[in-house]
Each structure stands twice: as C-alpha cells, then as structure tokens.
Amino acid sequence: MTAPDPNPHASTVHQQGSLESRFRKLVEAAPDAILEVNEQGRIMFLNEAAERMFGYSRGEMLGLDVENLVPAAMRGGHAKHRASYASRPNTRPMGTGLELQGQRKDGSLFPVEISLSPNWIEGSLHVIASVRDITERRVVEARIRALREQYTAELTAKNEQLEARSREAEQANRLKTEFLASMSHELRTPLHTIIGFSELLTEQLEGPLNEKQHRFVGHISQDARHLLELINQILDISKIESGHLELRREAFDFDHCVGEVLAGIRNHAATKNITLENQNSFHDALFADRLRMKEILYNLLSNAVKFTPEGGRVWLESGREGNSLRVSVCDTGIGIPQQEHPSIFEKFYQVGDSSAGVREGTGLGLPITKHLIELHGGTISVESWPGKGSRFTLTLPLAPSRDERS
Amino acid sequence: MKRILIADDKATSRELLRTVLERQGYMVTEAADGGEALEKAQAETPDLILLDLQMPVRTGYEVLGELRQDPRYASLPVIALTASAMPGDRERALAAGFTAYIAKPVALAQLRAEVQRLLHTEVSPPIDGTH
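As given, the protein sequences belong to chains L and Z, one line each in that order. Numbering of the first sequence is given in our numbering, commencing with residue 624 and proceeding in unit increments. Numbering of the second sequence is given in our numbering, commencing with residue 2 and proceeding in unit increments.
No wet-lab data here; the hints were simulated from the structure. Bear in mind the structure is a predicted one, so any value in this text is a computation, not a measurement. Even glycine gets a Cβ: it sits at the ideal position worked out from N, Cα and C. Please note that a few of the clues may not be correct.
[Claimed, not checked] Going by beta-carbon spacing under 7 angstroms, a handful of chain L positions derived as facing chain Z:
#1 M806
#2 H808
#3 T812
#4 H815
#5 T816
All chains, please: the whole structure from these sequences, using the hints.
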C-alpha cells in the first residue's frame, strides 16, 4: 500500500518538467532546423540545427524577423506567402515544385526543403517550419544528371559508330559480290577458248595427234575444267554466304534425278572398277531446286568414288522417313578420321594427306553441298572411320503430301 | 548453205566459233563489235546470229533490240553468248527476245546442238528469200 503523496502539485510540475525536457531534447537532437514563427513573422523558437544551419547564435535568432532567412531577392513575395498560409493553415511542404533557398547570416545561399505546420498559441497562429539543407542532395542529383547525359551521349556516339560500320560492312559486301561477279566473268572468258580449242584438238578434225600430243591436250583440257569448277564454286559459295543464292524449287521425279547423276559418274567409277548401286526407294515427286539437288548428289557421289580404291563399292540409299526424304551416299573407301568430321564441311579443307593418288579437289564441294542442303531446310551428317568407308546422310523436309494439302 | 554471223569482241573466241561452225558446213561471217554486227546483219541477212552480250560500241542487248524492230528480223534466231552467268541472266535474255542462251565456256557439243536445232526447225524463212 502506497502512502498518499504529501505534495501532489509538486510532482505534477516535476512530471511536466521532465516531459518538457524530453521533448526539448528530441527537438534539439533533430538534424533538420526547426523554427516557430509568430503572426508578426518573428522567430519565437528554434533548435540547435537552426543555429548551425543559418549561422546565427540562439540569442541572435530569437525575435529575428524570419525574412532574414529568406534570400534577399525573394523577400518581396514572402509576406504574401505567409498571408496565404495563414488563410489556409495545414501541415504541408512549402513551395512544392519550386527550388527554395535559405540565406545564412553571412549572406550565402543554400538549397532547402521546408515543411510547415500550424500551431495555435493563445489564439494566435504560429507557424512551425522544419527546414532541411539539401545541398548534398542537389550535388548528387546534379552528378547523376551529368552522368546520365554523358552515358547517353556515349551511347549515341557508339550507336552512330556501329551504324556507320554496319553500313560500311554492307557496302564492302556489295562491292565484294560485284567484284566476284565481274572477276568470274573475266576468268571465264579466256577459259572459253582454252577449253574450246583443247576440245577441237582432241577431236582431231584439224589433223591427227600422236599419243603424247593427245595426252598433253588432255591435261590442258582437264586442268582448264578444274579451274572452271573452282571459279564456279567460289562464286557459288560467295553468293550463298552473302545470302544472294535463291533456290528455284519445282516438283520433279527424284528417281530420274538419281539416275541422271549416277549416269554422270559411271565412267569415272568404271576407270577404278568401282560398282555403283542405286538403292533408291523414294519414287514420288520431290519439291526442291532440281539443278541444286543434282549438284548435291553429284558432289557426294563423286567424292565417294574419288576416295574409294580400286574394286570398291559406292551406293545410294534413299527413302521416305516420316515427313522427310533421307538419302545416304555410302562407300567402302578410305574413310575419314573422327576428329576431321567437323572440318570436312569447311571451305578449302581437304581430307588428310593426299594418299593413294587421290586427285586434288577444290575443297569447296562439301561446304557448298552443306549450304545447299540447309537452304532447303535440311541437314547433313557423316559416319566414317578410317579404313571402314563413309556414309554421308542428308535429310530434306518434304512438302505436305497431297492428302494433307487437300 | 546456211549463213551464220558471229559477233564477239575477242578474236580468239571468233576463231573458235568459226572453226566449229565451218566444220558443221555453215558459212561464217564475223563482227568485232556491236556496230559492225548491226551493219553486217543488215547487209548479209544471215540465217542465225551468235551475239556476245558484252561488246563495245553496242552491247548484244542493244543490237538485238534494233534488229527485232525490223520486221525482216523479228523471228531470226539469235543466240546470246556470255561469260556472266549471274542469276536471272538467262531469263532476262530470253525475255528480251533472244531465241537461245549459251553460257561461256561453251561445250562444243551444246553449241552444235543449239545451232542445229535453231537452223533446221525454223518456222519462217527470211523474207528476202536469198536461199
């Protein structure tokens, strides 16, 4: 049981005193300047932050006209602002959207953010202002703005550079294509007479040739054709790689196409006693570029014959597989080492060292073949081991069947 | 005997074509540029013209254009010869009025076959009837 308080009034005053002290401590500890201004515009109350911020001592600030804290240039309108606040006093930020500034005792200006609250003291309206020095913030904002402008400028410059370089690349590509086209024309023109006259000599209509002469003319003819093949292939692969090659698709008899290509290889295979077998089981029409298909098959078959020794076998298997045509060109030839499988489709790559008197090719046949197959939407792969022969398999998507179409 | 006019600015090419065609039993005249080609075509009324597309003075296309305007040569067989072989070349030549298109280097067999085909299945004979 507690004893009754002998001096109740004293303890209330003491309580009030310690409460006031607590609030005062809070206010003094605030980082922002806190001022209370009376109806006449005089500063009635301030905290330590206000002293530091504006550079006045407490004694100097108490009773000071608040206009002193406003930049000299703005003082004229300040009285009007105070009047308008008085007509509608509430807690709100001051001067939203405006860049406010405070003026220190030494006359220097600094950017501020101000928040106002009404406080009625004995019927008179006092205004509490909380002032924040945002110098630091403005500096950071300015730096961010500057960085952003710098980055944007750099980005724009880089973009322009990239665009210029891309235009240059396009131009270079165009020039290259034009150059190759005119080069190929220039190179073909003398070949026309070299090949033509070689053929005429071979035909011996202008007089007989002895054995050596006949053989020599054969060499000229053969190498001239080799050169022609190289020129055509270089032009082809350049067209393909710069996206200028267009396929001319049509429906044609695949059987017939295979037959034609095999007939073209027959002599070459015969000279090496190699058997050629046609194991095609696709007897429908194929919708593709007929000439390019012949090129593809011819390249694979002639490679097969080229790399197969005397007495070997070369055969073509093909048939429908789902919605694709699958064609395999197989041989019992010298095979390709595993690590070379990816390289054989690269420009100018020739397999291993030319062994067993294998005729040198252009190194462009397979890359062109692969491009042509891929242009048709198909794929090509190889299975091969040294000494075990090779199997080149291509798959071509087929157009929707007649049933599906109708 | 059928008469063939060869127009090509390369002398060696003209010699090649002349040799092949004369061996086939044709009579051959030559022109070394487009202007000469037009003159000889109009003066000699050949049965077939082999026209190289890239020639000085007048190109093969220009020569053909002028010839085709003349009713005497509206259906004269004219073969385009070119080392160009760009995509669409053949179609463009045929669309311009050439009767056939041969790419250089020419396979002699193909040349002989085309000439044979055009000279021995012609629809209308030359109007001046000198043959």
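Going through the hints against the structure:
1. The closest approach between the C-beta of M806/L and any C-beta of chain Z is roughly 11 angstroms, which is over the 7 angstroms cut-off, so the hint fails.
2. Taking 7 angstroms as the C-beta cut-off, the interface hint given for H808/L holds, the closest approach to chain Z being about 5 angstroms.
3. Restraint check, T812/L versus chain Z: the minimum CB separation of about 5 angstroms is within 7 angstroms; hint holds.
4. With a least beta-carbon distance of about 4 angstroms to chain Z, the hint placing H815/L at the interface is held under the 7 angstroms criterion.
5. Using the Cβ-Cβ criterion of 7 angstroms, the hint placing T816/L at the interface with chain Z is satisfied: the shortest such distance is roughly 4 angstroms.
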